[in-house]
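Based on the sequences and whatever the hints tell you, model everything.
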Amino acid sequence: MSYDFYTSSILPYSGIIIKICRAYTDSQEDFEDYYQEVCLQIWKSKDNFRGDSQWSTWIYRLTLNICLTLIKKKKKVNILRDVASDTVRKIELIEDAPTFTDDSINQLYSAIKKLSEVDRAVILLYLEEKSNIEIAEIIGTTPNNIGVRINRIKERLKKLLDGKIN
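Numbering-wise, numbering that gives the first Met the number 0 puts 132 at position 133 of the sequence shown, and it's gapless, one number per residue.
Hints should not be assumed to be uniformly reliable.
Simulated pairs of lysine to aspartate or glutamate, EDC-like, Cα-Cα distance not exceeding 20 Å [stated by the list, open to error]:
#  : residue 1 : residue 2
1  : Lys71     : Asp25
2  : Lys18     : Asp118
3  : Lys18     : Asp32
4  : Lys73     : Asp25
5  : Lys113    : Asp161
6  : Lys112    : Glu127
7  : Lys153    : Asp118
8  : Lys74     : Glu31
9  : Lys153    : Glu127
10 : Lys72     : Asp29
11 : Lys112    : Asp161
12 : Lys71     : Glu36
13 : Lys112    : Glu31
14 : Lys74     : Asp25
15 : Lys45     : Asp3
16 : Lys74     : Glu36
17 : Lys113    : Asp25
18 : Lys157    : Glu128
19 : Lys112    : Glu28
20 : Lys153    : Glu128
21 : Lys73     : Glu31
22 : Lys71     : Glu31
23 : Lys18     : Glu127
24 : Lys74     : Glu116
25 : Lys157    : Asp118
26 : Lys112    : Glu154
27 : Lys73     : Glu36
What the hints contain is simulated information worked out from the structure, not anything from laboratory work.
So, in structure tokens, the structure goes:
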């Protein structure tokens, strides 16, 4: 990957990539792996960008797809582990979870991680101030569906943050 491509086509969108990767990982190591894989796939797939949408929309879609694919691969590996090693791994993930200085941000990301994969994607796009039309285009549904989903997600997050549900 050329430095010029990275600085002009990936780095300006690193915030998007970081937020999505952070929402789909439980440890700093996984986060770094996901981020690196996303950057590599953007570079490998750059010739597939047809210009039907904005570059940022394409980055969102590609990042989400890569994260979801990596999660599926990780789930397959986890199924093969026995219960004892899985318990140890979960404890290690909690200890290694990426943390930020603002406790409210950590609480929000913790709550977001409890959402379904699709709901995580929707709320991250919403937090990026994407319109319902843009979110629908990225997720592959209708703007009306996105509006309903966002309201339900907000209610679920509010309950999670207030400690009313786990």
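List of violated hint numbers, smallest to largest
Structure breaks no hint.
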